[in-house]
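Participant: Residues per chain are reported as follows:
There are 2 protein chains.
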Amino acid sequence: MVTIKDVAEYAGVSVATVSRALNNSGYVGKQSRIKVEEAIKTLGYYPNEVARSLYQKSSKMIGLLLPDISNPYFPLVAKGVEDYAQQNGYMIILGNVEDNIEKEDMYVKFFSQYNISGVLSAATGKKSQNYQVPFVLLDRALEEEDYSIATDDHLGGELAAKAIIESKGKQVVVMAGPKNIAGANDRLSGALGVLNSKGLSYQIFETHSYQVDKAEETAVQLFESTSHFDSVIASNDVYALAVMKEAIKRGYRIPEDIQIIGYDDMLFSRLMYPGLTTIAQPAYELGFQGAKMLVDLIEKNSSEHKKVKLKPKLIMRDSLR
Amino acid sequence: MVTIKDVAEYAGVSVATVSRALNNSGYVGKQSRIKVEEAIKTLGYYPNEVARSLYQKSSKMIGLLLPDISNPYFPLVAKGVEDYAQQNGYMIILGNVEDNIEKEDMYVKFFSQYNISGVLSAATGKKSQNYQVPFVLLDRALEEEDYSIATDDHLGGELAAKAIIESKGKQVVVMAGPKNIAGANDRLSGALGVLNSKGLSYQIFETHSYQVDKAEETAVQLFESTSHFDSVIASNDVYALAVMKEAIKRGYRIPEDIQIIGYDDMLFSRLMYPGLTTIAQPAYELGFQGAKMLVDLIEKNSSEHKKVKLKPKLIMRDSLR
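These protein sequences, in sequence, are chains E and S.
Numbered per our numbering, the first sequence spans residues 1 to 321.
Numbered per our numbering, the second sequence spans residues 1 to 321.
For the record, the hints were derived by calculation from the structure and aren't laboratory data.
Just to be clear, a hint being listed does not mean it is correct.
Since the list can't tell identical chains apart, any single copy or any two copies may satisfy a pair.
The calculated lysine-lysine pairs, modelled on DSS-like cross-linking and capped at a C-alpha distance of 30 Å, are [as the list claims (entries may be wrong)]:
hint, residue 1, residue 2
1, LYS41, LYS103
2, LYS79, LYS309
3, LYS309, LYS126
4, LYS307, LYS60
5, LYS245, LYS168
6, LYS198, LYS5
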């Protein structure tokens, strides 16, 4: 590995001069600076980040905590986070915490040991004060957190209900997501607000998880525990897909007999046939903007926006009449 | 933050004693050791990993390079890697390199700056010698690499072709994946070997990428550039889904007019209707075993197995006759 001593020798200056040039502290003559820069370039010298991190008590690393990386929504968020981080010289430490408080505890300790610069968390457990570094809540907004970025799920719920009404749904099932997830409640209240204002008949079907491996049994339960319906507002695209499959198995046509709208806009929603009408969450944008907010906090100790809500939008395909 | 000095004061011993106790080097009296351990527990002291890393010239961090995190196959691999790493006290640094050699260059530099312990790479570019740390090639096997873990893609190709033959395919299109990916060539040769041995008529349709955003245009090209066919061996499940959609749009029935088999066994393949028959890759297992191989290399400088091939298997659903 090339060391600062090698750079000093090559440039014909002292180690102290190289150090001052690197840190922009103290006087370095113009000629010396040029020589140092040339030496750095020629030798391919990179200041040791571990040493720098120890000195500055922070590293250029961001912790990213996700609740379920096997749900295809989160890799898109992660991609947005990583793109912004990379453009700004930060690395991502990935933690898949699976709503498991012990796993998250372990990450809190790790992050402290590694002097991590900041944390972006879409996990449901620990709050900002546990981390003692800049913290941005991702994909959710909570009153007690200062910085957060999330989709406007109330609006998302409204958009879904309006689309069902425009396509002449009469008997609607609204799938209510997990009660401990604020966004799930926002979606539900958005949808119910619109359905109530139009005096439409609806049933609420409660689901206790977004975990993808529960989708099929949930779809079966939906058909067995609710009375006749012609429209479904699903928790997300994975659950919409499972409900569609169960409907077709039971001899219903999509959308003639049962129409359905999802939430997220996954890759398969576009590629499947009939294409799934859904509410698109700006997953990539959420990750990208969340990383930007965190890096602003880390570098300037402030951020222009504290609580950002991104707008979801309706993507019309073939699963509504 | 609690320091080693705080621990020494609380325990009523010298800093040097605490240091010897922590590093298990030199003599520490039994009473002192108990006092130090109590102090560590009470104060919640964690040795600073950055300092330890600087001293030992390595960190407990693993670099994980993926070619496309938005392809739902890779998050499953990442989950396997993360589970093993976490159980063994390692953190994952995630890099989504997108077949982009400049992005990968940047990660090589970063990894060197942070004294990373080892690298797991499913990216197509840089080889082990660029990293100068233990290196395991993930999801691919190359002759010039010492350590790798991959699915036996030759066998996967054979299984797909055999399934097509058993379901009475007559005119087969085999989608050939990117030529620069060894696994894609293995699959192709496995499939062609079986088709040739049975004297079946086939056409090869070349694709230049596995990137998910190319799936739809590739499906259109497939129908426009190949003559009549009744069976498709697709590059992967995402491409199979896109081909199915295009087929249905053009008025073909699945599987009566055109049957299709995928590769990977994605979540949606199980949830869609008709369900996609496919070759399941053990994605989670691949990540888990790959991480184990790397940690063995890091900690013992050896590993029992050098080049591991995991077996894929046929998952029968409804897209074959």
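Participant: Next, verify each hint and record whether it holds.
Facilitator: How the hints compare with the structure:
no. : hint             : verdict
1   : LYS41 to LYS103  : between (42 Å within a copy, 19 Å between copies)
2   : LYS79 to LYS309  : both (19 Å within a copy, 29 Å between copies)
3   : LYS309 to LYS126 : within (21 Å within a copy, 40 Å between copies)
4   : LYS307 to LYS60  : within (24 Å within a copy, 34 Å between copies)
5   : LYS245 to LYS168 : both (22 Å within a copy, 26 Å between copies)
6   : LYS198 to LYS5   : neither (76 Å within a copy, 68 Å between copies)
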